[in-house]
Amino acid sequence: MRPPDSLSNDATKAQLVRLLAGVSLHGDQHLAEVERDLVQVDALLNEAIKKLCASFMAIHQTIGLQQEALNGVLASGVAGPEQAARLEALRDEISQHVGAAVTGLQFQDMTSQLIGRMVQHLAGLRDVFGALGADGSTALPESGSEEMLALLDSISERVGVHGTELPRVTRSSVKQRHMESGDIDLF
Amino acid sequence: MKTILAVDDSGSLRQMLSFSLKAAGYGVIEAVDGEDGLKKAKQQKVDLVLTDQNMPGMDGLTLIKALRGMANYKSVPILMLTTESGDDIKAMGRAAGANGWLVKPFDPARLTEVVKKLIG
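Each protein sequence line maps, in turn, to chains A and B.
Under the UniProt record's numbering, think of the first position of the first sequence as 1, with each following residue one higher.
Under the UniProt record's numbering, think of the first position of the second sequence as 1, with each following residue one higher.
Rather than coming from a laboratory, the hints here were simulated on the basis of the structure.
Every clue listed holds true.
If you anchor each label on the Cβ, the simulated ranges turn out as follows:
#1 B/D88 - A/D42: 26 to 34 Å
#2 B/G69 - A/P81: 49 to 57 Å
#3 A/N46 - B/G69: 41 to 49 Å
#4 B/A24 - A/A85: 21 to 29 Å
#5 A/V78 - B/R110: 33 to 41 Å
#6 A/G72 - B/E113: 30 to 38 Å
#7 A/D92 - B/I119: 19 to 27 Å
#8 A/A85 - B/Q44: 36 to 44 Å
#9 A/A89 - B/K2: 23 to 31 Å
#10 A/L70 - B/A24: 18 to 26 Å
#11 A/V78 - B/Q43: 49 to 57 Å
#12 B/K2 - A/G77: 38 to 46 Å
The beta carbon of each residue, even a glycine, is placed where N, CA and C say it ideally should be.
In isolation and in its complexed conformation, chain B is listed as follows (with noise of 0.2 Å):
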């Protein structure tokens, strides 16, 4: 089962994602923000990463920056997920490593659409 690294501060989304990706067949693992996304993408290697932006601490882009700067995720595919839609962040996130841009709120079939085109 192909694995997925949700990082999100909302409790609620985290719900969403977990819920609309488990039933799309995927294994789902959560983290609260970047830091926390991080240490758990150390203690397992995901298929995929998506993250949202906007987070206390560590956001998502300092996030990809840190994933993209260790050997296993070089590869990885990386979503962001955010409510942020200017051109200028898109722009810092696909030079920080992003592999796409979604923008909140998702909607589970195209998320899953999305997601089956880069891992299957």
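The following block holds chain A by itself, in its conformation from the complex (with noise of 0.2 Å):
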């Protein structure tokens, strides 16, 4: 027969590997959602910043050609249908670049979200560090074996609470990964 110490010792040990197990899956859960969220914001950035840059040499492109059909006009005097239905073709054009920029403009509302979601996941991460570090400093080597399990017990029930709110962070409301135009649906 194994003496109380020994039994109570393996419960400690066991205590330790599931807290530990415990910390390692919280720990992996929120790094896992922070890598995956800035994959995505770099996604859209860089989508963003294709689109922006596409956009920017598009309006100038068709505003030196406005220019030119101007220039025609006041140098021929004669502003006529066709001259008119020119500049309106350009205008309208115009009008196309400048509204695919305000798409590409609205990253910093998407983006910012997901940093935001970043932040609670890192938050998250540094709690369940903090329970660790506050219970665990008061884990002196003079403990007994029954003090130490019963620690042991407060801090994985601490890191257990962490893991049950992770849900609450985890759902992400920005699935997007393009900066393309979304639906619209009308009930």
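From the two separate chains plus the hints, produce the assembled complex.
See below:
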């Protein structure tokens, strides 16, 4: 028959293993979400900058064409229906490019939501480590097995609470991975 | 001039909405969240409300329910403009009294087309 102390040591070791597994799991979950969000932010920013550069160049080019058309009207002194139609077409083209730029400029709204979520995950991770640090610092070498077991139970419970809170912060409201305009549903 | 109340906690988004809607000939009142939107809707009756869902304090669904509880907002068109695209939350929006659901990012031409269809 094993002495009571040995049983208590086994229980402490088992609890310690459970605690470390819990910390590792919660840490992994938080970091995986942060990683996922960073990839999404990177994709959105890349698309946004491409879209904005393309819109900027297109607006610049179309304004040049508009100026040429105006110069033609000024030089000839004639503003007939043909010239008016040309100027109207160029104005519409500029509006379309400005519209594309407006869509691209909305990246900040989405990326700031994702960054906010990453901050929440990092805070969650900090809380888990904080729970370990606060309770762990009282685990003195001279603590008995029973005290150590009670302490590990308490830390595990705290880490577990952070774990159960995780789904609340993991739900992302931003699913977009492209800067294309979204669906419209009229009820 | 028809007036639209644009409710969004993102300053850049409000700026884009305001720019697009004003260019289409509408007057725009901006609000930074649901509470601010409700306050401004009480101060001046608007012709259409465009609201985000996720905002600090009062969210979009709560704002819609509050507006639908007001006699002069029973039939004013309300559109959600949000990053949320799930069918479940859309159904909640519809149940709350929203007339439509637009997923961000928006295209100004498509947005003004929808607004024009609802309020002319």
